[in-house]
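S.K.: Letter by letter, the chains look like this.
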Amino acid sequence: MIEIKDLDKYIDAKFQRLFLLKAIDLKVEKGDFLTIMGPSGAGKSTLLNIIGMLDNASSGKYLLDNNDIYTLKSKKQSELAKNYFGFVFQAYHLIDELTVYENIETPLLYRKVPGKERKALVAEMLDRFNMVAKKDLFPNQLSGGQQQLVGVARAIIGKPKVLLADEPTGNLHSKQAAEVMNIFRELNEEGTTIVQVTHDEHNASYGKRIIELADGAIERDYLVEREKV
Amino acid sequence: MNSFLHMLRASMRVLLKQKTNTVINLLGLGIGVAGALILFIIHNHFSGYDKFHADHEKIFRVVTDDNHNGETFNLSGVPAILPAMTEDKFPQIEKDVFISGLYSNNMLITIPKKGGKEEYFQLSDKEGISYTENSFFEIFKRDIIRGNKRKILKNKNEAVISKRMAAKWFGSDDVIGKEFDLDGHGMFRIAGLMEDYTNNTGFPFDIFLSYSTIKDEKEAPGWESLYSDDNYFVKVKESDLRHEVDMALVQMVNELSENNPENFEGRNFRLQSLEETHTDTRYGNYNNRSISEGTLTSLLVIALLLLLTACVNFINLSTAVANKRSKEVGVRKVLGSSRSSLVARFLLETSILTLTSLILALIINLLILEPLNGFLDLRLDKSVILNFKFISFSIIVWIFLTVVAGFYPAILLSGFKPALTLKGRFNFKGSFSYNLRRILVGGQFFISQAFIICTIIMISQMAYFKTHDIGFDKSGIIVIDLPYHDNQKSTKFKNNAMEFSGVTNATLGMASPSSGLSSMTSARIEGFSEPYNLNVKPGDHHYIETYNMEIITGEGLVETDSINRFVVNETFVKKLGFSDPSEVVGKMMTVWGTEAPITGVVRDFHVTSFKREKQPVAIFVQPENYNHIGIKVAKGNIQNTVQHLRASFDEIYPRYDFDYQLLDEYLNETFYADEERLTKIFSIFSGLAIFIGCLGLYGLISYMAQQKMKEISVRKVLGASENQLLWVFSSEFLKLLVIASLVAIPASYFLMDSYLSEYAYKISISPLYFFAGLITTAFIAFVAISYRSYKAASTDPVIALKDE
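Sequence lines, in order, name chains B and V.
Start counting the first sequence at 0; every next residue gets the next number (numbering that gives the first Met the number 0).
Start counting the second sequence at 0; every next residue gets the next number (numbering that gives the first Met the number 0).
No lab work stands behind these hints, which were simulated from the structure alone.
Keep in mind that this is a model prediction, so the values were computed, not measured.
Honestly, I wouldn't trust all of these hints.
[Said to hold, decoys possible] 20 Å max Cα-Cα, derived EDC-like pairs, lysine to aspartate or glutamate:
(1) V/LYS50 - V/ASP239
(2) V/LYS18 - B/GLU96
(3) V/LYS416 - B/ASP135
(4) V/LYS167 - B/ASP11
(5) V/LYS491 - V/ASP376
(6) V/LYS16 - B/ASP135
(7) V/LYS16 - B/ASP95
(8) V/LYS323 - B/ASP95
[Said to hold, decoys possible] Facing chain B, a subset of chain V residues (Cβ under 7 Å, in silico):
(9) ARG12
(10) LEU334
(11) SER339
(12) SER756
A virtual CB, placed ideally from N, CA and C, is assigned to each residue, including glycine.
Go ahead and model the full structure; you've got the sequences and the hints to work with.
M.R.: Structural data, given as structure tokens:
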């Protein structure tokens with residue numbers, strides 16, 4: 000589904016070129032649950048942003064279901080991004096001025112989903128995450144774990160093919176974290192491809208495959224041993 | 000539609016959440032828009048005079064230009080004989096009307112009642128009165144409510160009065176056939192009732208009298224005399240015939256001057272459009288209010304500057320909170336929002352603000368209308384705001400504001416890259432946006448400085464008007480217009496006045512030495528072939544002493560009952576080409592058909608305002624023209640003297656109301672009222688512009704504080720003091736301020752130079768004014784900067800640095 004070939008990402012400083020990612024080759028199949036790990040500054044988030052098309056590579060190739068992304072017009076690019084990806088962030092990034100209900104609904108508005116259908120979809124999501132009673136609250140009235148649940152609900156309501164998560168449990172304590180990770184696993188079992196960035200080995204164990212980055216390059220790429228969990 | 004509601008809801012929540020920002024924005028925009036709209040109302044009012052007459056562009060006034068010895072005297076009137084000449088020689092003229100205005104103030108109306116009783120009403124200067132012809136109602140729009148429109152004012156001693164007058168005099172509209180006596184002008188029979196005059200007409204008359212009553216008398220002097228209140232209006236067949244009529248008038252003068260060269264020397268008649276009667280300040284009108292095109296345009300320019308500065312302010316503030324909004328932009332983009340929908344969203348937010356401020360402005364305008372009427376002496380009502388034209392204009396202003404103020408911030412905000420903003424990393428420094436806002440703040444500094452400099456200069460010129468030596472003593476003088484002249488009564492009043500202990504002197508005359516009422520005539524002087532125009536000041540033998548004029552050479556006036564000698568001024572001497580005043584003493588001069596010697600010369604004084612050059616003057620005794628008394632009172636005696644005068648007046652003139660003025664106040668009101676108002680308007684609006692500018696400055700500093708937070712924290716950790724940090728901010732603004740003043744100084748110099756060029760006597764523009772402008776702006780800016788940057792400089796560096 001995702002195929003990255005010899006991809007570089009660098010910043011040109013005054014006298015030198017600073018590589019954030021170097022010569023990345025990566026394939027992610029449909030239904031995979033990939034975890035990107037590595038120390039701070041290794042390029043994990045950069046790679047995730049490039050996969051999610053929030054950022055462009057400096058060189059290299061990115062094929063998304065055989066669409067050669069960097070040859071497409073930006074309008075077509077954002078069209079693809081809209082349909083393929085959902086994002087979950089470490090800092091939740093909910094819109095403070097919108098209620099739980101409206102936050103979850105927002106992606107549907109951008110996809111021009113008709114009102115009735117929107118209502119049904121949001122109701123289903125609220126139900127699934129046990130948030131019906133909280134639908135009229137604003138983000139600052141929720142705990143961190145609840146906010147992240149809203150974040151996840153918002154990410155998946157548009158039925159993205161790939162869910163991208165950047166340290167989704169970084170701000171949560173372990174019980175809340177487990178709840179989110181369980182939902183990820185469920186989603187993966189239902190067929191959603193997931194790519195997550197994390198420091199946490201325990202979180203990584205929910206996934207199927209791990210790549211380890213160091214200094215912008217892929218150091219290791221291996222499958223998770225299920226039995227250990 | 001649904002997503003629009005979503006946007007609307009989110010926008011409202013944002014606005015309510017960022018209260019300070021919203022309030023500052025609303026204030027800035029609201030005040031700016033209110034100011035601009037008020038200026039538009041004023042402009043609209045003054046440019047709308049007499050536009051409501053059908054075919055108003057075909058209506059012209061014939062005016063007189065007299066050229067004598069290189070000077071032009073512009074007169075709104077024409078000799079009363081002129082209309083008779085145009086009848087068959089001017090096929091271009093479709094209709095014409097002659098109007099002879101009267102000075103209505105203090106005129107007494109006597110209405111006979113049953114049983115030989117009488118009722119009296121004294122007219123004010125707002126209750127205008129004039130002689131005119133029936134054709135007035137054909138040319139100008141003034142509805143006749145009762146009476147035969149085709150016949151009224153055709154017979155002698157007929158009158159048409161307004162509803163207002165009818166209600167006052169008779170308490171009903173049933174006035175046809177009733178009679179009244181007009182102070183020495185005879186009895187008039189009311190033949191018609193008309194609508195009241197509107198507040199945007201140059202014909203503020205409540206009473207029309209039939210011109211045929213006095214026509215023969217008016218025409219008798221032929222071409223010899225003319226009065227500024229004798230106006231002649233013509234309606235031509237097509238407005239582009241104007242030039243043709245002008246040429247025909249020249250032709251007519253040429254023909255007439257063959258037999259009668261004396262009366263046509265240097266004289267020229269020409270047409271003036273109805274609009275020009277209100278904008279050409281060289282000629283008067285019945286409304287006593289001319290506002291020049293330049294002033295009208297400057298009102299619009301100020302309005303536009305106010306709107307612009309409000310927009311700049313808005314842009315500064317909205318981009319200043321960019322940091323706060325950047326996260327939202329990032330999230331929305333990640334969720335699939337297109338850039339255009341974000342632009343729409345920010346524009347919607349702006350349009351809500353601008354709409355609210357517009358409504359705020361309209362409310363302010365409605366509230367301010369009453370004080371404005373008092374201030375500008377107008378009669379505007381709510382309909383100037385609640386009408387289609389004004390509301391549509393407001394909507395245009397709304398769209399203009401939304402686009403100008405909202406577009407740039409919308410484009411800027413919607414352009415944020417989500418990958419960066421979500422990490423809280425972005426920086427404008429050195430970017431286009433950073434430089435643009437420097438230009439904007441520089442622009443605001445420019446506007447504020449120019450406003451301040453202009454205001455200071457205008458105020459100084461006003462002070463100059465009040466304090467500059469007028470050439471005689473105008474302090475402590477009570478002036479009273481006396482009722483229709485009756486020399487016995489006025490002499491008695493004067494003699495009574497001179498007996499009061501506080502009164503040091505008193506004089507009867509036509510007018511005070513400097514006065515709104517002045518009379519020009521042409522005089523023949525022994526040894527000179529050409530006649531000279533001069534200003535005549537009939538006054539009794541106490542005239543020169545009472546006004547404390549200085550006799551340079553020769554003798555003053557003596558008691559007599561007709562013209563027996565003239566006293567002239569220095570300008571007169573110079574005009575004749577003499578350098579020594581004593582050379583004119585003894586020369587014979589003819590004024591108003593009487594020949595007498597010049598016996599003395601007084602030091603120059605200003606006959607009219609400082610806007611005009613000094614004029615040659617002749618002062619002489621001529622009791623027939625005494626309508627006015629000037630009473631010199633010793634210091635501290637004004638109030639009790641007025642009481643004595645009132646008692647004496649009531650005894651001598653029982654039917655009239657006593658009314659007095661102090662000469663210096665009268666002169667300020669007569670000559671400088673419009674300047675004073677303009678100066679006040681300017682001060683108020685420059686105050687507004689400066690206030691809005693301060694808001695913008697505050698916004699920019701907030702923005703810079705965000706930008707420089709890290710720099711400041713690092714400097715602080717390295718040991719910089721708070722004052723040193725203040726300098727980091729201030730130096731930036733100082734640069735902008737100096738650059739702005741480099742533009743503001745020449746701009747305001749040219750503006751003020753042309754403003755002052757309208758005045759013959761004026762202050763000189765010294766560098767001090769510009770310096771004062773710079774210092775004031777710098778001070779205001781410094782106050783705004785200090786507060787915000789002190790706050791920024793005193794932030795705990797640990798918090799600011801933690802983000803990274």
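S.K.: So which of those numbered hints doesn't the model satisfy?
M.R.: Per hint list: 3, 4, 5, 11 and 12 violated.
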